[in-house]
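**Q** Please build the complex by placing chain B on the supplied structure of chain A, with the hints as guidance.
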Amino acid sequence: MKPESILCPRPGGLYCAPGGFYIDPTRPVDRAVITHGHSDHARSGHGAVLATAETLAIMQARYGDNFAGAMEAVRYGQKIERDGVEITLVPAGHILGSAQIVIRHKGTTIVVSGDYKRRPDPTCPPFEPVKCDVFVTEATFGLPVFRFPKSEHEIAKLVKSAELFPGRTHLVGAYSLGKAQRVIKLLRVAGYDKTIYLHGAMQSMIELYERHGFDFGPLAPATADKKKDFEGAIVIAPPTALDDRWTRRFSDPLPAFASGWMGVRARARQRHIELPLVISDHADWQELTHTIAEIAPGEVWVTHGSEEALLRWCALNNQQARALHLVGYDEDEGEG
Amino acid sequence: MRAFANLLDRLAFTPARNGKLTLLADYFHEAPDPERGWALAALTGVLGFEAAKPSFIRKAVESRMDSELFHLSYDYVGDLAETVALVWPAKHGANREPELSEVVDTLTHASRAQVQQLLEGWLDALDPDGRWALLKLLTGGMRVGVSARLAKQALANMGGVEVGEIEEVWHGQRPPYEDLFAWLEKRSDKPSAESPGRFRPVMLAQAIEDEDFAKLNPADYAAEWKWDGIRVQAVSEKGERRLYSRTSDDISGSFSDVVEALDFEGVIDGELLVMRDGRVASFGELQQRLNRKTTDLALLAKYPAGIRAYDLLLDGEEDLRSLPFAERRKRLEAFVARHNNPRIDLSPLQPFLSWEELRALRANPPDGDPQIAEGLMLKRWDSAYEAGRPKGPWFKWKRDPHLVDAVLMYAQRGHGKRSGYYSDYTFGVWKENANGDRALTPVGKAYFGFTDEELKQLDKFVRDHTIDRFGPVRAVKADKDFGLVLEVAFEGLQRSTRHKSGVAMRFPRINRIRWDKPSREADELASLERMLEKEP
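Residue numbers (this note's numbering), protein chains in the order written: chain A, 1 to 336; chain B, 1001 to 1536.
Okay, chain A solo, but in the shape it has when bound (with noise of 0.2 Å):
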């Protein structure tokens, strides 16, 4: 059977025609395969949601009780029928609960990776690649000019810089979701025991990681006292924060950036980041090529990102791809 008539693209999203559902629908639609939490992934307002138990709770934390008119809790690996077709979700390493979809009819598979890295992460279970016909892949940073150095080495740039600059106020942008849990983690993997300050835009999900069984150790609301409290301290807010007013109650902060998109001196210039760290969720260019040479798909599609970069790559590769040309997602490496 052709991959086409299993999977395609439609302006609400990737649709599979005969299993009836959408996967990550940036409309409402009647039944929704959802990969993660990402706002501009996980939408509310669908008649019916089918993910990990973690992605649900992160829908229901964000959107409330009512996001969905029905719910259904999937473990990794558990095999779901709909109409004949078999549906399975399977660690995508990007952000707690995130899965690809692995999508089996009539002896095709198709694989839809959601977003997704290859690095180890402290906060998910790492991503299992799964041999298919069809591999759906993002190319958020789909340039051979994101190459992302080790984690641990960016997170040491910032204790040192912490000890370097006692009076200075460590501002980290990091999304709220996934970033900054990894980022905390890190911190403390590194052996950094402060108090780590929030943001209160951070709350509710680092409670959702926490009610998940995570210790990020000692945490406060970064509320504003006394500036002194704040010296010296590392301080987590979501990227937007740091040109904000909220600034403001910090003593002559240090703005730093976790993002893959640090990794270009220009994008941390734009921004007036002082500490570019660069730590993504997602794949850098070796983690997509090396992925795509692992599997070793019959195709790839690239839903969205730099595709143009990853196609010639494919190409000089004997690997047979196209784009799909999806719109409605951030590349803003997850929300903006």
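It should be emphasised that the hints constitute simulated quantities derived from the structure, not laboratory data.
The structure displayed is predicted, hence computed values, not measured ones.
Cβ atoms here follow ideal geometry from the backbone N, Cα and C, with glycine treated the same way.
Among the hints, a few may not be true.
[What the hints assert, rightly or not] Straight-line distance between alpha carbons at most 30 Å, and here's what the computed DSSO-like set of lysine-lysine pairs gives:
1. 160(A) with 1302(B)
2. 1136(B) with 157(A)
3. 1477(B) with 1500(B)
4. 1136(B) with 1053(B)
5. 1431(B) with 1460(B)
6. 1460(B) with 1480(B)
7. 2(A) with 106(A)
8. 1398(B) with 1330(B)
9. 160(A) with 1480(B)
10. 160(A) with 185(A)
11. 157(A) with 1417(B)
12. 1417(B) with 185(A)
13. 1456(B) with 1445(B)
14. 1186(B) with 160(A)
15. 1238(B) with 1190(B)
16. 1053(B) with 1091(B)
17. 1460(B) with 1396(B)
18. 1445(B) with 1417(B)
19. 131(A) with 157(A)
20. 1059(B) with 1091(B)
21. 1517(B) with 1456(B)
22. 194(A) with 1417(B)
23. 194(A) with 160(A)
24. 1330(B) with 1215(B)
25. 150(A) with 1136(B)
26. 1445(B) with 150(A)
27. 1500(B) with 1431(B)
28. 1091(B) with 157(A)
29. 150(A) with 1059(B)
30. 1396(B) with 1445(B)
31. 194(A) with 157(A)
[Claimed, not checked] Covered by chain A, according to a simulated footprint, are these stretches of chain B (three or more residues, beta-carbon under 8 Å):
32. 1016 to 1029
33. 1072 to 1079
34. 1417 to 1425
**A** Coordinates of chain B only, in the frame set by chain A:
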């Protein structure tokens, strides 16, 4: 190489001077010899190997990777060195990261043909930050916002000494500066400063305040004009002739005509100026000759430079610095008269009896060169020549700045303490177009002169009246019916082909916020243009 690469990377993103000093001092403290010495040489621009051309680096990368992938990458990043650092497809093998000293040493002795191979091997061995640092080093110009002066200040901080002490010994030192670090770490004595042609730390003046005059006796002070050029130290000692800026940068290369003319034995403190037949030209003319690595003969003829002498530090072999100013002045007058050098003249003293008389002279300088002086200098007759900016012996008394009422047009967020504030302001004045309509044209940018309280008010104004955004910049509502008028003070005005308005201000700052003034009553470009005509 790794520590040096990390240092460069942080320096490039750290805008504040103090932040840079902290990073530098930490590096000099942590890095071993001779690594740190080579790093210091790289940062102060004294490394002496031939730079690699960008085309050469491009060739190296294109031989390794698909050119379409390279071009997509280069288009995205926009900077060749950075693109290559990121995309370099490393060959695996015996990759030992080279040390900075090894790179410098090898390059100093390598032929051009060898460099290509060496470069590829090093790029294979380094990580992206290391590659970036290596390519910066090879293409010349670190461009991380560190001047030689700043690097010396960091050394001074590290060793707990005055920066003047570093400057004094600097020109006798060679990379990798092991003696210098040994002294700063108190492992050995201060290196000898006795190399001929060295720089002597300069004496600087404090700005005088109105309330100071009551405490000062006019009879204790000499007055002279503060010339509007660059303060220099001209050294001619045992055959070594050099021209230094007041921060000890050797600027001999840009002023070979002056250096050649230093046919004396001694050290003069003076002002470097463009001079024609004993008359001083504007700073704008001198600027044509600044920051040029080589001298262009036509330029040299068009803008002839000379020195107007303020002081004499060394007369023959005799060090005069401990003598009182009155004594040194006599020696200087005799020295200038004796040498009768067409490129060196004497900065004349301005006689006066009372502060009131001097104040009047400052407001209305006599005809001739004083018309374009920056103001006056006051020097105690009994003052010795001390390094640094001691309180009391010397004062500068600048002329009142020019003022213009301009309208706030754009604002940009600041750095560090000001990162949450819109603190850099672009302002404009009215310009009439061919149809007789008036529109604002930007004439300058200022980011100081206001109090913290005023900054908050300005920031609020910007946020409340933003009409457009371009990255970190906001456009602010500014038209004939609405806009914020800023009284801008500045030191001088020059013609500029780089600015749309055709003028460029020197040292602009916000003097006053004119909340009361309607935007349509701000100044016209024509009134600024008239000021240009007045400047000779």
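**Q** Each hint needs a verdict: does it hold in this structure or not?
**A** Right, here's what the structure says about each hint:
Distance check on the hinted pair: residue 160(A) and residue 1302(B) sit about 53 Å apart at the alpha-carbon level, beyond 30 Å; violated. Proximity of residue 1136(B) to residue 157(A) is assessed by CA-CA distance (about 21 Å); at most 30 Å being required, the pair is judged to hold. Among the hinted pairs, residue 1477(B) with residue 1500(B) is consistent with the structure: their alpha-carbon atoms are about 20 Å apart, no more than 30 Å. With a CA separation close to 11 Å, the supplied pair residue 1136(B) and residue 1053(B) stays within the 30 Å bound.
Between residue 1431(B) and residue 1460(B) the alpha-carbon distance is near 27 Å, which keeps this suggested pair within the 30 Å criterion. As the CA atoms of residue 1460(B) and residue 1480(B) are separated by approximately 21 Å, the hinted pair is consistent with the 30 Å bound. Straight-line distance between C-alpha atoms of residue 2(A) and residue 106(A) comes to about 10 Å, which keeps the hinted pair within the 30 Å bound. A C-alpha spacing of about 26 Å is found between residue 1398(B) and residue 1330(B), which places the hinted pair at or below 30 Å, so the restraint holds.
Taking the CA atoms of residue 160(A) and residue 1480(B), the gap is about 52 Å. The hint is violated against a cut of 30 Å. Using a Cα cut-off of 30 Å, the hinted pair residue 160(A) and residue 185(A) holds, with the two alpha carbons roughly 17 Å apart. With a CA separation close to 21 Å, the supplied pair residue 157(A) and residue 1417(B) stays within the 30 Å bound. A C-alpha spacing of about 29 Å is found between residue 1417(B) and residue 185(A), which places the hinted pair at or below 30 Å, so the restraint holds.
Between residue 1456(B) and residue 1445(B) the alpha-carbon distance is near 18 Å, which keeps this suggested pair within the 30 Å criterion. Annotation: proposed proximity of residue 1186(B) to residue 160(A) holds, straight-line Cα distance about 26 Å (limit 30 Å). Restraint check: the Cα-Cα separation between residue 1238(B) and residue 1190(B) comes to about 23 Å, which is no more than 30 Å; the hinted pair holds. As the CA atoms of residue 1053(B) and residue 1091(B) are separated by approximately 23 Å, the hinted pair is consistent with the 30 Å bound.
A C-alpha spacing of about 37 Å is found between residue 1460(B) and residue 1396(B), which places the hinted pair above 30 Å, so the restraint is violated. Under the criterion of a C-alpha separation no larger than 30 Å, the hint pairing residue 1445(B) with residue 1417(B) is consistent with the structure, at around 19 Å. Of the pairs offered as hints, the one joining residue 131(A) and residue 157(A) is violated, with about 38 Å between alpha carbons and a cut-off of 30 Å exceeded. The hinted pair formed by residue 1059(B) and residue 1091(B) meets the criterion: a straight-line CA distance of about 16 Å does not exceed 30 Å.
Taking the CA atoms of residue 1517(B) and residue 1456(B), the gap is about 19 Å. The hint holds against a cut of 30 Å. A hinted pair counts as satisfied when its Cα atoms are at most 30 Å apart, and residue 194(A) with residue 1417(B) qualifies at roughly 24 Å. Straight-line distance between C-alpha atoms of residue 194(A) and residue 160(A) comes to about 14 Å, which keeps the hinted pair within the 30 Å bound. Note on residue 1330(B) and residue 1215(B): the hinted pairing holds, with a Cα-Cα distance of about 27 Å set against a maximum of 30 Å.
Annotation: proposed proximity of residue 150(A) to residue 1136(B) holds, straight-line Cα distance about 23 Å (limit 30 Å). This hinted pair does not check out: residue 1445(B) and residue 150(A) have alpha carbons roughly 41 Å apart, beyond 30 Å. For the given pair, residue 1500(B) sits about 11 Å from residue 1431(B) by alpha-carbon distance, which is consistent with the 30 Å threshold. At roughly 27 Å between alpha-carbon atoms, residue 1091(B) and residue 157(A) fall within 30 Å of each other, so this suggested pair holds.
A threshold of 30 Å between alpha carbons decides the hint, and for residue 150(A) with residue 1059(B) the separation of about 29 Å falls inside it, so the pair holds. Between the alpha carbons of residue 1396(B) and residue 1445(B) the distance comes to roughly 26 Å, so the proposed pair stays at or under 30 Å and holds. A C-alpha spacing of about 16 Å is found between residue 194(A) and residue 157(A), which places the hinted pair at or below 30 Å, so the restraint holds. Beta-carbon proximity to chain A at under 8 Å applies to 4 residues in the region 1016 to 1029 of chain B; the threshold of 3 is reached and the given coverage holds.
With 6 residues bearing a CB less than 8 Å from a CB of chain A, the region 1072 to 1079 of chain B meets the requirement of three and the coverage assertion stands. Against chain A, the region 1417 to 1425 of chain B contributes 4 residues with a C-beta closer than 8 Å to a partner C-beta. That satisfies the three-residue criterion, and the hint holds.
The structure does not agree with the numbered hints 1, 9, 17, 19 and 26 stated previously, though it agrees with the rest.
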